Amino acid sequence: MNSLLGGKISGWLAGRGMLLVLLLLAVFLGFATLADQNPNDAEAGIGLAKTLDGSKTVLIVVRPSEEDSIFAQAIENQIVGQNGRVVEIIKGAPSDARACLERLQKDGVKLDAIVCNHFTASWSIFENMATKFSGLGDVRIVEPASYRWPNFFKRDNLVNIVNQIAVIAILAVGMTFVILTGGIDLSVGAMIAFSAVLVARLIRDYGGGVDAHAPALIGCSIATVGICALMGMFSGAMVACFSIPPFITTLAMMLIAGGMAYLISDGQSIDRVPESFMWLGRGSTLMRIPIAVVLTAIIYLIAHLAMTRTVFGRYVYAVGGNREAARLSGVSVLGVLVLVYTLSGALAGLGGVVMASQLKSGAPTYGHMYELYVIAAVVVGGTSLAGGEGKITGTLIGALILAVIQNGMNLLGFDSNTQKCILGGVLLLAILLDGSRLKLIK
Amino acid sequence: MNTAALQQTRLLRMAGIVKTFPGVKALRGVTVELSKGEILALLGENGAGKSTLIKILAGAFLPDAGDIFIDGKQLKLQGPADSRNAGIAVIHQEFSLVAGLNAIENIFLAKPIQTYSVIHLHQEYIRAKELLDKLGADFDPRTPCRLLSVAQMQLVEIAKALSEKASILVLDEPTAALTPRETSRLFILLDQLKKSGMGIIYVSHRLDEVFQIADRMQVLRDGADVVITNVNSATQSQIIKWMVGRDIEQSGVSKKEVPGNVVLRAKGLGNGVKVRDVSLEIREGEILGLTGLVGSGRTEVARILAGADIAEKGEITMEGRKLNLRSVGEAIGEGIFLLTEDRKNQGLFLRRPVHENFSIASLFRFACFGIINKAREIKAFLSHRDSMGIKVSSPFVRAGNLSGGNQQKVLLARWLERKGKVFLLDEPTRGVDVGAKEEIYILLRKLAANGNAILLISSELPEVLALSDRILVMHDGQIKGEIKDVGNATQELIMELAIQ
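Protein chains in written order, with the numbering used here: chain H, 33 to 474; chain B, 88 to 587.
So here's chain H without its partners, still in its complex pose:
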């Protein structure tokens, strides 16, 4: 009876266990990061201005920051639209506000309202307005209403989570292919450094440096990804043709790629790249979703379809599930192995280009230890290290779990060393919850 129940539970969890972990983490962080939210954007400004429909003369007080300026501008536009008048916009410190208020009082201006945000409204200058500045008339101090909402579930934070994990998530796709065939690719971390340095150097030396145009940038990026693919192909050929264990082959490739990254860059960071190169890593689309996130989503969609709907996917599962049976069924085991390592190399190259773009430079220290995070994401996602079992969707969930844990610990204010310890513990817990291991406990 025990094994019956165990079988059912593990069968259910095998597909959904990690999704459950992800949701539980999100719920926990939702409660743990619940805080007062004080909106300070254009939308909040417009909303606030609408409540002042009857007010004719208005003073706006904000801090001298870009964010506050946008807020103030939105209010001004709205008030003018409502036939009101904005006397002045003060962008500065409390002393600026005091000087302005004194000047207005001297000029005999009557104010209906002073519009602030949460920060300026709490300045002590605005206390006891009626006695201090009685000449201004009956002045209301208004600010946008605050509300309680988890910091974790703020839109910017959610987008940030995906953006931060984009590089690891992209690499994890290639790693999933490799692990599904029963292999491993340790070289991807070093490949990030190699790729980042290579693309930066190509742009500096051949693309036109800081004045490089888009076609040159695209060309350099494609060339870099292609060279990384060739290096992956070389690993794959060693694994497939000479039956060298993947662990050793890719360990060697890790050393080669890591060393070459230092040679290409002379151990320095290469940053003579144009601003426009940051489009890939830091740019956003119309809906304020980062390009890197869109790119990751597209790669996952293609990979998922490839694994579930194409001959390639079938062959990968076949080679990983039973290599001899695959060979005797006429599957080109050699071809499949070479292809998965090539793809892993290419995706590592792409990850390196994205990282160089995010950081607007290429340095040989990038991607240090990333291979381990990538493998962790794949394994947490339910892919068996023995090969033959696993899903791309699982890897996506695995990568998100890593990202959410890191993000959550940042929000809760853990220092980076504590974060590592907790991350390790959570990894073990997550793997324990995996369906296939539940059977062992039974």
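Worth flagging that the hints you see were computed from the coordinates, not collected in a lab. What you are looking at is a predicted structure, and each value in this text was computed from that prediction instead of being measured. Just so you know, even glycine gets a beta-carbon here, dropped at the ideal spot from N, CA and C. Among these hints, one or two may not hold up.
[Said to hold, decoys possible] Restraint ranges, calculated between C-beta atoms of paired labels, are given here:
hint: 1; chain 1: H; residue 1: S178; chain 2: B; residue 2: S480; range: 53 to 63 Å
hint: 2; chain 1: H; residue 1: L55; chain 2: B; residue 2: N432; range: 33 to 43 Å
hint: 3; chain 1: H; residue 1: L417; chain 2: B; residue 2: A536; range: 28 to 38 Å
hint: 4; chain 1: H; residue 1: A418; chain 2: B; residue 2: A147; range: 20 to 30 Å
hint: 5; chain 1: B; residue 1: A147; chain 2: H; residue 2: D188; range: 48 to 58 Å
hint: 6; chain 1: H; residue 1: V242; chain 2: B; residue 2: I397; range: 50 to 60 Å
hint: 7; chain 1: B; residue 1: L196; chain 2: H; residue 2: L417; range: 22 to 32 Å
Given chain H, put chain B in place with the hints provided.
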């Protein structure tokens, strides 16, 4: 003690054993009794509950209900160690040997001959050699097990059980991989063990063996006892009827009279010591039987023809064209297919769904620019399922969950869908129950009738005699004889050629 007294002593009693798996009631109150000095044959189709019963006895499963007594004392089996300590030795179909260790180390794995954890290597060697000699083994006990043949590994398993001084020996399909000579040697040994007071439970699909060796038999069907009887009071056809619950015609397949042109011809194939100067030809519409002892080189010949191994010498021609096969893929392209003898390790993807197992060799048929049209794939599988009678509730069931016979049918369907000319079938009915066996026979006949050339490799001589149009007998890597007049051939004639 005389035999009658031995019979009186009840060694093992399993009473009212119940075991349920998700969706299946594997055992519904089975009772098994075994006396000292007795061989009990446990019969039943695949899925009848024999394996479950054995695994409970081995301590691998805990029963949901029921009691186990040994020598009248109730036994609580919590794990395999309890079972072994109680003197029960179970030899499963899938061996539990450590491939990297040698025969001696495997035999004494659980209970080494030791003093303060220091192993007496020489004593172990002598004892192992003694045991293996008794079993008629002809290999050095220092050989690593991964280098041993299936038959030799089984001898190591039996030696291991003997070394642990088991009082109850359970053998699951022990002769499936043994040669006739090794089988008869095993039977002599089992008889000796029986006379020395051991109780033996013998699970087999081969009814003739049961008649030869067992004292009593117990037939299981759908997890329940059907009948328990003395061997002498039942006939073979009666037993088959008990097992499958219906009447089936035994080997009632007709043969085709006139074979056509030569499709595949091999000349002077040679590869190491396993294959030496083998020449053969297979004709259109013909079933060519290839038999001989295990290890005689039959499988190796088939692997060369299928492109799985590359021969050092010889040439292969297909319909007059010379072939230069470098890979399985090339052979498949020519329409030459191999059904391997090792279904689980070389044929199936056990954790993948059945439909994927079926379509792996002909995916291009269902794919357009590399994208698989799953609907067409499933449809093709379902049509094979219906025409071959594959018992599977859905195409998405994992292949590992199917019974042996249905797994074999899925593998056959894999090649039928691909549509070829030459089918190399290595032990197509190994580990397949009686009902499915008969269906596979009919299928092979139909395949030949449609003009395909079939090479049937089998150790079961009645099967070879019943199906083949012509028989080749191998010994020691060479073809020792050809039997053209199969109608008048006998098992004795084949054995003569096979042993020589």
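Do the hints match the structure? See the list:
1. Remark: the range hint 53 to 63 Å for S178 (chain H) to S480 (chain B) is upheld by a beta-carbon distance near 59 Å.
2. A beta carbon spacing of about 40 Å between L55 (chain H) and N432 (chain B) agrees with the range 33 to 43 Å that was offered as a hint.
3. Between L417 (chain H) and A536 (chain B) the beta carbon distance is about 48 Å. The supplied range of 28 to 38 Å is therefore violated.
4. Between A418 (chain H) and A147 (chain B) the beta carbon distance is about 21 Å. The supplied range of 20 to 30 Å therefore holds.
5. Take A147 (chain B) and D188 (chain H): their Cβ atoms lie about 55 Å apart, and the range 48 to 58 Å holds.
6. In this structure, V242 (chain H) and I397 (chain B) meet the distance hint of 50 to 60 Å, their C-beta atoms being roughly 59 Å apart.
7. Restraint check, L196 (chain B) to L417 (chain H): a C-beta distance of roughly 26 Å satisfies the suggested window 22 to 32 Å.
In this structure, the one hint that does not hold is number 3.
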